[in-house]
Amino acid sequence: GAVVSQHPSRVICKSGTSVKIECRSLDFQATTMFWYRQFPKQSLMLMATSNEGSKATYEQGVEKDKFLINHASLTLSTLTVTSAHPEDSSFYICSARSLRGGSYNEQFFGPGTRLTVL
Amino acid sequence: QKEVEQDPGPLSVPEGAIVSLNCTYSNSAFQYFMWYRQYSRKGPELLMYTYSSGNKEDGRFTAQVDKSSKYISLFIRDSQPSDSATYLCAMSFLHGSGNTGKLIFGQGTTLQVKP
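Chains as they are written, first to last, in my numbering: chain A, 1 to 118; chain B, 1 to 115.
Just so you know, the hints here were simulated from the structure itself, not pulled from any lab data. The model shown is predicted, which means the values in this text are computed figures rather than measured ones. Glycine residues also receive a C-beta, built at the ideal position from the N, C-alpha and C atoms. Fair warning: there could be bad hints in the mix.
Some residues of chain A that are not near chain B, with every Cβ distance over 10 Å (derived) [said to hold, decoys possible]:
hint: 1; residue: Q6
hint: 2; residue: S18
hint: 3; residue: R24
hint: 4; residue: K41
hint: 5; residue: M45
hint: 6; residue: L46
hint: 7; residue: R97
hint: 8; residue: E106
hint: 9; residue: Q107
hint: 10; residue: P111
hint: 11; residue: L118
Computed list of lysine-lysine pairs in BS3-like fashion (alpha-carbon distance at most 30 Å, straight line) [as the list claims (entries may be wrong)]:
hint: 12; chain 1: A; residue 1: K14; chain 2: B; residue 2: K70
hint: 13; chain 1: A; residue 1: K41; chain 2: A; residue 2: K20
hint: 14; chain 1: A; residue 1: K64; chain 2: B; residue 2: K2
hint: 15; chain 1: B; residue 1: K42; chain 2: A; residue 2: K66
hint: 16; chain 1: B; residue 1: K114; chain 2: A; residue 2: K14
hint: 17; chain 1: A; residue 1: K41; chain 2: A; residue 2: K64
hint: 18; chain 1: A; residue 1: K66; chain 2: B; residue 2: K2
hint: 19; chain 1: B; residue 1: K70; chain 2: B; residue 2: K56
hint: 20; chain 1: A; residue 1: K20; chain 2: B; residue 2: K67
hint: 21; chain 1: B; residue 1: K56; chain 2: B; residue 2: K114
hint: 22; chain 1: A; residue 1: K55; chain 2: B; residue 2: K56
hint: 23; chain 1: A; residue 1: K41; chain 2: B; residue 2: K56
hint: 24; chain 1: A; residue 1: K55; chain 2: B; residue 2: K67
hint: 25; chain 1: A; residue 1: K41; chain 2: A; residue 2: K66
hint: 26; chain 1: B; residue 1: K42; chain 2: B; residue 2: K56
hint: 27; chain 1: B; residue 1: K67; chain 2: A; residue 2: K64
hint: 28; chain 1: B; residue 1: K67; chain 2: A; residue 2: K41
hint: 29; chain 1: B; residue 1: K42; chain 2: A; residue 2: K55
hint: 30; chain 1: B; residue 1: K114; chain 2: B; residue 2: K42
hint: 31; chain 1: A; residue 1: K66; chain 2: A; residue 2: K14
hint: 32; chain 1: A; residue 1: K66; chain 2: A; residue 2: K55
hint: 33; chain 1: B; residue 1: K42; chain 2: A; residue 2: K20
hint: 34; chain 1: A; residue 1: K64; chain 2: B; residue 2: K70
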């Protein structure tokens with residue numbers, strides 16, 4: 001099956017610093033990548049949708065200047081949490097959708113990145 | 001009202017039991033219905049997806065969609081301790097025509113299968 005990796009898997013940082021999370025599709029090209037956030041015992045909440053070579057589309061309530069998304073290639077998207085604060089501590093998960101045709105394009109999820117802001 | 005409602009549980013059953021997991025939704029435009037399994041501190045993995053209404057079976061798993069009632073179910077037969085995880089339902093609109101295919105998730109139901 002298709003594999004999506006995330007790096008780092010866990011990061012602890014001080015308040016005010018910026019953190020970059022990478023999402024890679026390892027064995028397929030992804031037209032679209034999605035970034036989700038998941039708080040403990042809660043569901044995945046979509047933060048933004050990014051298409052290769054274009055600006056990301058952010059969900060309502062997500063600050064685009066705080067959560068910078070870059071989708072520079074068909075296999076790599078990055079999420080940068082700028083000036084992180086303790087309330088940004090969460091589990092960040094990316095997913096990637098393949099270029100396969102048809103109206104249903106399965107999303108493959110990465111293993112997630114646990115961010116802890118002290 | 002949330003677009004997708006799912007009882008968070010937890011649900012505890014003995015090994016071998018039949019498990020029934022359910023979600024309700026409010027938007028009749030959803031066309032794809034998915035069930036994901038998520039182990040602790042891991043990303044979700046797709047178990048099954050169904051397009052529109054009907055049933056789909058894969059081994060011990062059966063997914064049902066009733067669009068008239070806006071209700072979907074996942075049944076797990078002969079449950080095993082290894083099935084212990086959080087099960088998330090997710091839905092999406094038809095991809096294309098301006099829809100990105102984004103997923104809307106339920107809260108997830110935590111399942112524990114006891115040996």
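Note to self: Please verify whether A:K64 and B:K2 have alpha carbons no more than 30 Å apart.
What the structure shows: Answer holds: A:K64 to B:K2 is near 24 Å, not above 30 Å.
Notebook entry, point to check: Are A:K14 and B:K70 close enough, with their CA atoms no more than 30 Å apart?
Noted result: violated, 45 Å
Checklist line | Beyond 10 Å from every chain B Cβ - status for A:Q107 | finding: violated, 6 Å
Note to self: Confirm or reject: A:Q6 is not an interface residue toward chain B, with every Cβ-Cβ distance exceeding 10 Å.
What the structure shows: violated, 8 Å
Next item on the list: Sort out whether B:K56 lies within 30 Å of A:K41, counting only the CA atoms.
Entry: The hint holds at about 28 Å.
Item checked: Pair hint B:K67 and A:K64, alpha-carbon separation not exceeding 30 Å -> violated, 35 Å
Checklist line | Distal placement of A:L46 relative to chain B, Cβ over 10 Å | finding: The claim is violated: A:L46 sits with its nearest Cβ about 6 Å from chain B, within 10 Å.
Item checked: Pairwise hint evaluation, A:K41 against B:K67, where the allowed Cα distance is 30 Å at most -> holds, 28 Å
Notebook entry, point to check: Just checking, A:E106 versus chain B, shortest CB gap more than 10 Å?
Noted result: Violated, because the least Cβ-Cβ distance between A:E106 and chain B comes to about 6 Å, which does not exceed 10 Å.
Check: Taking 30 Å as the top limit, are the C-alpha atoms of B:K114 and A:K14 close enough?
Finding: violated, 40 Å
Notebook entry, point to check: Does A:M45 sit more than 10 Å from chain B, CB to CB?
Noted result: violated, 8 Å
Checklist line | Straight-line alpha-carbon gap A:K41 to A:K66, limit 30 Å | finding: Given that 30 Å is the threshold and the Cα spacing comes to 24 Å, the pair holds.
Going through the hint list in order, the structure does not satisfy hints 1, 4, 5, 6, 7, 8, 9, 10, 12, 16, 20, 22, 24, 27, 34.
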